[in-house]
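Those protein sequences? They're chains F and Z, same order as listed.
Residue numbering for the first sequence follows the working numbering, beginning at 1 and increasing consecutively.
Residue numbering for the second sequence follows the working numbering, beginning at 1001 and increasing consecutively.
Among the hints, a few may not be true.
As the list claims (entries may be wrong) - Derived pair list, reagent style SDA-like, types lysine to any residue, alpha-carbon separation capped at 20 Å:
#	chain 1	residue 1	chain 2	residue 2
1	Z	Lys1210	F	Glu23
2	Z	Lys1283	Z	Pro1152
3	Z	Lys1210	F	Ala25
4	Z	Lys1276	F	Val45
5	Z	Lys1283	Z	Ala1149
6	Z	Lys1276	F	Tyr66
7	Z	Lys1276	Z	Gly1294
8	Z	Lys1276	F	Gly24
9	Z	Lys1400	Z	Gly1354
10	Z	Lys1276	F	Ala49
11	Z	Lys1276	F	Ala25
12	Z	Lys1436	F	His67
13	Z	Lys1210	Z	Gly1249
14	Z	Lys1276	F	Leu52
15	Z	Lys1210	Z	Ala1227
16	Z	Lys1436	Z	Ala1481
17	Z	Lys1210	Z	Asp1166
18	Z	Lys1436	F	Ser64
19	Z	Lys1210	Z	Gly1247
In case anyone wonders, no lab produced these hints; they're calculated from the structure.
No experiment lies behind these values; they were computed from the predicted model shown.
Now for the letters of each chain:
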Amino acid sequence: MEPAAPWSPERAASIISAHVGEEGALLPILHALQEAFGHIPRAAVPLVAEALNLTRAEVHGVVSFYHEFRATPPGRHVLRLCRAEACQAMGAEAVHDAVHRRLGVGWHETTADGAVTVEPVFCLGLCAVAPSGMLDGAPLGRLDAAGLAATLDLAR
Amino acid sequence: MSRVFVPRDAFALALGADAVAAALARAGFAVVRTGSRGMAWLEPMIEAETPSGRIAYGPVRAGDVAGLIAAGLATGGTHPLRLGRAEEIPFLAAQTRFTFARCGVVDPASLDDYRAHGGLRGLARALEIGPVATIAEVTTSGLRGRGGAGFPTGIKWKTVADAAGDRKYIVANADEGDSGTFADRMLMEGDPFALIEGMAIAAVAVGASKGYVYTRSEYPHAIAAFARALAAARAGGLLGADMLGSGIGFDIEQRVGAGAYICGEETSLLDSLEGKRGQVRAKPPLPAIKGLFGRPTVVNNVISLASVPFILAEGARAYHDVGFGRSRGTMPIQLAGNIRHGGLFEAGFGLTLGEIVHDIGGGTASGRKVRAVQVGGPLGAYFPEALFDTPFDYEAFAAKDGLIGHGGVVVFDDTVDMARQARFAMEFCAAESCGKCTPCRIGSVRGMEVMEQILAGRDVDANLQLIRDLCETMKFGSLCALGGFIPYPVLSALTHFPEDFRRPALAAE
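So here's chain Z without its partners, still in its complex pose (with noise of 0.2 Å):
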């Protein structure tokens, strides 16, 4: 019986992959579901074995599935839907795929398919060299927190390490709420079991004897795939009283988030673990110090942990080799919009902006011109053309007033209206601010009131003075990044987009 790989991802699921699975099973296949390769605009692209390797189709739909059995598929015959190999589409053949190497490749429920995919091997050499050893890795790897913050995850985990207490927790932060954002999701959904090896690595390497992935109720296919994972670790005595026969007791339970985008800030992230309203709690203590339930605590995003195991078992140097400047290894950047070839790009960071958009992107899906790109999410900057020359990398994108955050490239063609881009950042803040600090609970509402103003022609002038001053006490006065990097859109959509700004007064109220 010949076997066909179809994803199960939900890319693949929102364009109809599950009737391609059913009308391939009906017909006698094997179908193993998998995760996505990332190549947005070919799902459902679906994969038949063959003598000649894995032979790609897509877009599929249950209607292609008749056509394309005629045609071979299952020997890897010619169909106008036909890719040819997967890995030599050029948009994957140009990538570094170091954390995403077996998403969309490997069955995500099977520990077995991990393992013989090269799965398990960092893990296995963490408790070999042990936990000094391994925080040196992974210092040296020069890895810094994918969540967006950039902070260096190895001196997080020797804090940790350091850190006395009679239990140490493990927080993986799955709270992907930046629109344009969907690498953890895929990760979760196309290759968990490189989240939980890089979560019980650091449990290894810092003392940790339990773990929690918080995970956003928004993704429940990500919520259940995970879940297999989780089970299939335990019985296969990945997590557990002895893991791996190690002596070492670890094991990590998935919570689930309920709507709250601030959850993604990892102090809220532990008042909503242990129970609470999701808001932000003051730093100091650092979570490392007194985290989830007071104990000291390592909380790093999910591709920040995804990204261990290959470090551990490839070697801090094959890491630190790919990058540029102070941003070393791989990004899974994000493109998402308006864009003609959306998905997953791994790379090594330094590709320019407009190298990202035009490129491998290949510009707007509409086909009209390219007006601002959002890189970083809701609180990232708007960038125009003009800024396409900005290398991706933490340091070049703060240098010129924006951030890359957790890898998102949001395009918009030349149909925007800045103007209200920038009324709905602060719309956004005021929906998603916990409440706790003045600056972003009332500035974000004031913030959405005078851009009603200049959306409305009124008082323009001065209201454009009011708006910048607003944003300079939120930037500064903010307890936290949601209040503080809101201004981040506002003022660049201000700055380089001034024409959206002046419009005429709206006639009689």
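Looking at chain F on its own, in the form it has when it is part of the complex (with noise of 0.2 Å):
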């Protein structure tokens, strides 16, 4: 994964002038900040609410709706399991718990070493084999704990 930037208000101010003329710029610009800094930085949100004639409070409610825009940087590897009910079905849940086990974390959190970030997510569209998962973007299928154990020792 490539790694985060540190924060840069001029990188920042690079990107969303480089969004600011489109339709309904706001998602677009977020998505691209958190592309760079891993997360979305707070000190990003009045320089958003500037460049679009927002309020901050509008920009922090946008950045607080959406569940994939993070108020922190995760951990050098995020992975994403599937919660919905099709893996449900195949004994997710089992699965989810020997990870949390493992690593040490709950949902939402990073390993101590900022290895691993684990996040819930509900459904991934991989649910003809499920249990399903991601690993940095690319997808997992079938998973069990110890194939699962075994993909993130190699990640770390």
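Starting from two chains that each stand alone, build the complex the way the hints lay out.
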């Protein structure tokens, strides 16, 4: 995974100005900021608000509405595990419990060494190869606790 | 150099297709990356181009490649993984593939390949017969919204065509958030030009100049595949200021969601596209009259739009001739969860649920008995085996207090605890509620709390009464289908599996 860049107001300003003329520019801007910095830094909010003629509260309201926008930087790897029904039907919950125990973290938490953030997701469209997940954007199917542990060890 | 087709669909990638493709390329094969044919249990399924057609092998692991080559992969040689000609595999041969005819066959990044496999004939006909006749054709076909609501597509288009506006929009809803569904994803990864062509036909029909595709962020591969197709469509003159030399200007932009299930609801999708919190709008006004940025807007599901090129190319009659009752044409049924033969099965409406689960799906993957089947995503009802004679049809499912939704079928075996599934439905609604209306925002949290009381065996009779009352309030008082339909899984679990709700009180707290 591309490591997140440290906060830079200049870089943020150039990201914002690249999208500012678009219809409904706020989501594209937030996605681009998160891609660059790994999260939406608090310091970015007033810059976005200013550029789009919105209040800071409005921008914060949008950032906090969507599950995907993070307020803090993630670990070096992001593991997303599907909690939805098709995966439940194939025993996803037991796999999730094993991952939480092994890594010592719950949902939305990052391991102490900063290696892995574990996030829940409701459906990845991999419902015929359940239980499913995604590691740094790469899809994983027919997960079991042992296989997932091996994948994680390899990534770390 | 022999050609071999290897899917780049997310199912195949999740099971190691990239390593297979790399091994084949190293061995000197010309590898063409395609979508998936939709047989997830055979993925990665590769196809070798031979004089006697495309011969399929699967499921193939990277470690199998050397053995396959030694067995004569290039000429369709015998091997334990050999499946024969792809189209003759019974699961595929039994389908009626109108919308997914090219998926898994063509190179999804090549406009030339799309054209060579019959693409763009629908758009050519729409340009020839004009907007009024195009809308009439879609109306006559009987096509209804495949996102789940089942509203007649032709009538929606006519409303937008008749509405006054300085600009009009076509919005494709690719926020496919229902668990158990993946048809939009597969189409965008396997045959994205079908969606582009469908949107272009809609634009001709209603006089729109701009289209948006709102794709969920959980689908990075669909986003990438569709972006490649958009670039090819612009380079090939299919999109832009002069669409295929017609003098009509139309372009499409892809926007990406941010993990909010509610944005699959059309009005919150529009708010999200406008850069706002994805909150539901009160209707009226209909999006067809006042939609994106207040302009007349067609909002259709990906599959609705991708069904249109076939209807225009082959004629409304060919589509309408297939189907059941008022549900005309085909539906991509998605078999998911605990099922042996999971994947996508496109067929005319009217198969019974039992045929779908047992005959097509082969029963459970675990080999245990089927206990419950949730149809239509997290807002769909749980059906017991006693209702397996229900035909797959909008009206027949509604008559049994269920819905077909976007066509997802999630199978559970006899280890499932239906009271916990009912609790999960409320938890999901609480997590995903947009917060605009009280029955959904507060009701889902209260529903979860009441279900926890029932799970703990406390005051079960009173709490069951309470949960039924609450479901009534949510069903009739919510602004949209999230709060309005979440009672379906809860009440169906309670009605068909009451024994799971009668629990002994837990010991001391």
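Consistency of the hints with the structure:
1. Restraint check for Z:Lys1210 and F:Glu23: the C-alpha separation of about 11 Å stays at or below 20 Å, so the hint holds.
2. At roughly 18 Å between alpha-carbon atoms, Z:Lys1283 and Z:Pro1152 fall within 20 Å of each other, so this suggested pair holds.
3. Restraint check: the Cα-Cα separation between Z:Lys1210 and F:Ala25 comes to about 16 Å, which is no more than 20 Å; the hinted pair holds.
4. Restraint check for Z:Lys1276 and F:Val45: satisfied, since their Cα atoms lie roughly 14 Å apart, inside the 20 Å limit.
5. This hinted pair checks out: Z:Lys1283 and Z:Ala1149 have alpha carbons roughly 15 Å apart, not beyond 20 Å.
6. Taking the CA atoms of Z:Lys1276 and F:Tyr66, the gap is about 10 Å. The hint holds against a cut of 20 Å.
7. About 14 Å separates the Cα atoms of Z:Lys1276 and Z:Gly1294, which keeps this hinted pair within 20 Å; it holds.
8. Pair hint Z:Lys1276 plus F:Gly24 holds up; C-alpha atoms about 8 Å apart against a cutoff of 20 Å.
9. Proximity of Z:Lys1400 to Z:Gly1354 is assessed by CA-CA distance (about 15 Å); at most 20 Å being required, the pair is judged to hold.
10. A distance of roughly 13 Å separates the Cα atoms of Z:Lys1276 and F:Ala49; the hinted pair therefore holds under the 20 Å criterion.
11. With a CA separation close to 10 Å, the supplied pair Z:Lys1276 and F:Ala25 stays within the 20 Å bound.
12. The straight-line distance between the Cα atoms of Z:Lys1436 and F:His67 is roughly 17 Å, inside the 20 Å bound, and the hint therefore holds.
13. Only pairs whose Cα atoms come within 20 Å are accepted, and Z:Lys1210 paired with Z:Gly1249 is accepted, the gap being roughly 8 Å.
14. With a C-alpha separation of about 12 Å, the suggested pair Z:Lys1276 and F:Leu52 falls inside the 20 Å cut-off, and the hint holds.
15. Taking the CA atoms of Z:Lys1210 and Z:Ala1227, the gap is about 16 Å. The hint holds against a cut of 20 Å.
16. The hinted pair formed by Z:Lys1436 and Z:Ala1481 meets the criterion: a straight-line CA distance of about 13 Å does not exceed 20 Å.
17. A distance of roughly 12 Å separates the Cα atoms of Z:Lys1210 and Z:Asp1166; the hinted pair therefore holds under the 20 Å criterion.
18. The suggested pairing of Z:Lys1436 with F:Ser64 holds, with an alpha-carbon distance near 15 Å, which does not exceed 20 Å.
19. Proposed proximity of Z:Lys1210 and Z:Gly1247 is supported: the alpha carbons are some 15 Å apart, at most 20 Å.
When each numbered hint is compared with the structure, no violation occurs for any of them.
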